[in-house]
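Chains as they are written, first to last, in the working numbering: chain C, 1 to 370; chain V, 371 to 791.
I should point out that these hints are in silico values taken from the structure, not numbers from a laboratory. From a predicted model like this one, the values you see are computed outputs, not experimental measurements.
Derived lysine to aspartate or glutamate pairs resembling EDC-like cross-links, with alpha carbons at most 16 angstroms apart: (1) K437/V with E595/V; (2) K28/C with D220/C; (3) K640/V with E136/C; (4) K648/V with E136/C; (5) K332/C with E290/C; (6) K111/C with D131/C; (7) K77/C with E154/C; (8) K246/C with E264/C; (9) K77/C with E546/V; (10) K94/C with D131/C; (11) K561/V with E104/C.
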Amino acid sequence: MSAGVGVDLEKLWIRFGDFVAVRDANVKINGGDFFSFLGPSGCGKTTILRAVSGFLEPSDGRVLIGGNDMKGIGPNKRPTALIFQNLALFPLMKVWENITFSMEIKGASAKERRKRADELLDMIALPGQGDKLPSELSGGQRQRVAIARALCAEPDVLLLDEPLSALDLKLRQHMRTELREIQQRVGITFIYITHDQGEALTMSDNIAVMRAGVIDQIGDGKTVYNDPATAFAASFVGENNVFRGKVKQVSGDTALIATNRSGELLARISTANQGKMQPGDDAMLFIRPEAFALAPAGASGDHFVTATVTNEEFEGNVFNIFMEGDGGKELKVSLPNLGQSFESHKGQPMTLQYDVQNAVALPAGELATE
Amino acid sequence: MKSFSFMRVSIWVYLAIFFAYLLGPLVIMSITAFNSPEFPRATPWECLTFEWFAALFQDERILNGIKNSILVGAGTVVLSVAMGLAGALMLTQIWPKLRATYYTIIIAPILIPGVVIGISTLVFWDRINRMVGLGADSFLSNGLFLTVIGQSTFIASYCMLVLVARLQRYDTALTEAALDLGATHAQAFRKVLLPFMKPAIASAAVLAFLASFENYNTTTFTFGEYPTLTIELAQKVRYGITPAISALAFIIVVLTVFAALFNEANIRRKDLVAAARKDATVEELESGKFRVPGFLSSNWAAVALVVMACATVVVVGTATVYSPAQCIANVQEQKRIETELRIQELRQRRAEEAARKAAEEAETAPKPQAAPSDNNSGFGGVFSPNTLTGEGEEESKAPEAEDNSNSGFGNVFAPSTLSGD
Numbered sequence: 001m002s003a004g005v006g007v008d009l010e011k012l013w014i015r016f017g018d019f020v021a022v023r024d025a026n027v028k029i030n031g032g033d034f035f036s037f038l039g040p041s042g043c044g045k046t047t048i049l050r051a052v053s054g055f056l057e058p059s060d061g062r063v064l065i066g067g068n069d070m071k072g073i074g075p076n077k078r079p080t081a082l083i084f085q086n087l088a089l090f091p092l093m094k095v096w097e098n099i100t101f102s103m104e105i106k107g108a109s110a111k112e113r114r115k116r117a118d119e120l121l122d123m124i125a126l127p128g129q130g131d132k133l134p135s136e137l138s139g140g141q142r143q144r145v146a147i148a149r150a151l152c153a154e155p156d157v158l159l160l161d162e163p164l165s166a167l168d169l170k171l172r173q174h175m176r177t178e179l180r181e182i183q184q185r186v187g188i189t190f191i192y193i194t195h196d197q198g199e200a201l202t203m204s205d206n207i208a209v210m211r212a213g214v215i216d217q218i219g220d221g222k223t224v225y226n227d228p229a230t231a232f233a234a235s236f237v238g239e240n241n242v243f244r245g246k247v248k249q250v251s252g253d254t255a256l257i258a259t260n261r262s263g264e265l266l267a268r269i270s271t272a273n274q275g276k277m278q279p280g281d282d283a284m285l286f287i288r289p290e291a292f293a294l295a296p297a298g299a300s301g302d303h304f305v306t307a308t309v310t311n312e313e314f315e316g317n318v319f320n321i322f323m324e325g326d327g328g329k330e331l332k333v334s335l336p337n338l339g340q341s342f343e344s345h346k347g348q349p350m351t352l353q354y355d356v357q358n359a360v361a362l363p364a365g366e367l368a369t370e
Numbered sequence: 371m372k373s374f375s376f377m378r379v380s381i382w383v384y385l386a387i388f389f390a391y392l393l394g395p396l397v398i399m400s401i402t403a404f405n406s407p408e409f410p411r412a413t414p415w416e417c418l419t420f421e422w423f424a425a426l427f428q429d430e431r432i433l434n435g436i437k438n439s440i441l442v443g444a445g446t447v448v449l450s451v452a453m454g455l456a457g458a459l460m461l462t463q464i465w466p467k468l469r470a471t472y473y474t475i476i477i478a479p480i481l482i483p484g485v486v487i488g489i490s491t492l493v494f495w496d497r498i499n500r501m502v503g504l505g506a507d508s509f510l511s512n513g514l515f516l517t518v519i520g521q522s523t524f525i526a527s528y529c530m531l532v533l534v535a536r537l538q539r540y541d542t543a544l545t546e547a548a549l550d551l552g553a554t555h556a557q558a559f560r561k562v563l564l565p566f567m568k569p570a571i572a573s574a575a576v577l578a579f580l581a582s583f584e585n586y587n588t589t590t591f592t593f594g595e596y597p598t599l600t601i602e603l604a605q606k607v608r609y610g611i612t613p614a615i616s617a618l619a620f621i622i623v624v625l626t627v628f629a630a631l632f633n634e635a636n637i638r639r640k641d642l643v644a645a646a647r648k649d650a651t652v653e654e655l656e657s658g659k660f661r662v663p664g665f666l667s668s669n670w671a672a673v674a675l676v677v678m679a680c681a682t683v684v685v686v687g688t689a690t691v692y693s694p695a696q697c698i699a700n701v702q703e704q705k706r707i708e709t710e711l712r713i714q715e716l717r718q719r720r721a722e723e724a725a726r727k728a729a730e731e732a733e734t735a736p737k738p739q740a741a742p743s744d745n746n747s748g749f750g751g752v753f754s755p756n757t758l759t760g761e762g763e764e765e766s767k768a769p770e771a772e773d774n775s776n777s778g779f780g781n782v783f784a785p786s787t788l789s790g791d
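Just need the whole structure built from these sequences, with the hints factored in.
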């Protein structure tokens with residue numbers, strides 16, 4: 001286990017009146033981890049963050065930071081620092097005053113504060129910008145100032161509430177790498193809230209996928225992406241083609257699913273559901289767009305679906321091919337752009353081959369609407 | 371096109387009327403402060419004088435009133451802003467369902483007549499004073515205390531309205547951020563919320579001071595031994611006013627204009643600096659070569675401020691060396707001559723009139739009642755238009771009265787009768 005202070009949520013319930021925002025959350029976050037809560041808006045992830053930072057008392061259960069129960073301890077006494085969604089930089093203070101606010105509270109002299117501010121400004125690559133007001137900085141610079149301000153408090157746990165959501169795409173991608181680097185440099189625990197699966201996957205050691213107050217799955221990025229535990233996780237994290245149907249036969253870790261419109265397809269049962277699926281159960285089968293191989297109609301393979309190309313899109317890194325299978329079943333196939341010449345197959349029937357390892361069978365469940 | 375220009379003209383006319391209505395009285399009053407007659411009037415212009423300013427600064431009661439007003443104003447500012455801020459904070463914190471009710475209660479004092487507030491303050495604190503068992507000279511029945519309390523009851527509501535407007539723009543995440551960074555609630559309030567509220571607190575303080583300074587109807591019940599300026603002025607007006615009051619008003623107007631110009635100049639300067647900063651290149655900003663525009667450049671308010679300051683210095687300088695004595699003497703001489711001329715003229719006119727009448731009467735002598743021919747009322751000639759022709763008439767009154775007498779002899783025996791033709 002790496003150094004740093006871990007955070008544990010034990011049987012955490014948070015209710016607002018009759019509304020249950022968080023339902024029986026059990027999470028163990030290792031010290032020094034970059035841990036993400038991933039879920040659509042309104043799923044309760046920000047509520048969890050507020051419970052960890054101390055702005056909210058849990059209705060039930062416990063929040064432990066470094067093994068200590070945080071019950072009754074206010075936000076100003078917890079070893080956490082929160083980076084707000086809108087950053088909440090103090091608009092009337094200069095950048096260096098903002099960064100060293102936590103030192104001012106403790107009564108540090110202006111000279112000390114200035115020195116520390118300059119160190120942190122160097123770290124976030126904004127040297128010499130200390131005398132500006134936050135309003136004079138760009139979005140990305142403000143972002144970094146907010147991080148520096150939080151780090152200046154020397155927290156054991158840094159909490160980030162969708163801090164990149166207000167930035168444009170390019171900057172967001174840049175900040176992902178930067179955040180990850182900063183985390184590795186300072187070595188403290190980061191808890192990151194996001195609805196963007198790209199952010200969660202690129203930065204996190206571990207991800208908790210949340211749906212309507214419930215944590216569906218906890219695992220590292222690869223696990224969550226390749227081996228989803230629920231239909232929701234499969235559809236929310238990344239894109240997926242979904243086939244509905246019933247389990248026809250189970251053998252070992254594979255299941256034969258009789259899909260409603262595409263015939264019988266063989267798939268691997270996800271790790272979390274092995275032994276739980278029985279013939280006759282409602283099931284869903286997920287195959288990622290990039291897991292298909294496109295072959296001419298009539299080509300045979302072990303496992304395939306047939307469909308007709310309806311539309312083709314070039315997205316830069318991939319070609320997106322939209323297809324229609326039997327009974328109007330819509331499918332999406334993504335082929336990586338490797339510089340190959342692209343031949344249009346529009347209107348032609350094709351065979352979509354896949355590897356059973358890349359097809360995941362899950363019990364039927366709620367899908368992400370996004 | 372024609373109707374368009376007509377619209378424009380009427381807008382300008384409207385504006386002219388509007389501003390004349392607003393500022394006209396102030397202009398007239400300001401002129402009276404520099405005119406020499408004992409009673410404030412703008413016309414006829416007699417002499418430029420600064421004596422009313424001197425008179426003002428020698429008037430013990432006015433000066434005492436100003437002092438009391440400032441004391442009361444300061445107390446009211448402190449109390450009202452504090453209560454207003456507390457009320458505003460409460461409004462944002464309170465349970466949403468109660469908010470409308472709370473709001474109504476808290477602004478109710480604005481709707482209550484000031485007189486009622488004045489009386490109730492007096493009665494209430496008198497009762498408290500007696501309950502506590504203090505004498506009539508305790509601080510609870512002190513005029514300053516009562517006036518500050520009485521005025522603050524409703525001025526605090528004004529302050530709250532001003533402060534709430536700013537508080538609604540406050541992001542509570544800022545307080546949370548401060549708490550999260552280790553601040554106590556008190557520190558978060560002092561270091562984050564208060565600085566944010568500072569502009570609104572300043573506005574509220576100015577508003578509270580002005581409202582307190584001009585208040586009359588509440589103060590009139592509570593002032594006790596400490597009459598404020600408005601009370602003093604009202605008492606003075608009963609015994610007739612002098613241009614010294616105009617002088618005081620003029621000073622207040624000038625101070626107000628100064629403050630307004632200063633504020634405007636500052637705002638414009640900030641805008642200009644921000645604009646210049648926006649236009650500046652990144653290199654300029656980073657290398658520190660960025661030049662902040664000068665205070666006077668393209669800032670009419672600043673120019674006006676400086677011009678006005680210079681004008682004030684000039685006027686005050688002039689006032690210290692200028693003596694209107696000669697002019698006043700001249701005017702008095704002029705007046706004396708005019709009065710004499712007027713008297714002479716009147717005498718002459720009386721004489722002529724009397725002569726004319728005598729002549730007429732001589733012709734109509736046989737008729738017994740000639741004079742009242744155009745006056746059928748029983749009041750004699752009292753209401754006849756030429757009875758009240760002026761003060762200079764006094765001397766010629768006596769013969770005239772005889773003229774109008776209803777004697778049966780028809781003025782035949784009047785002394786002037788014989789002087790005619």
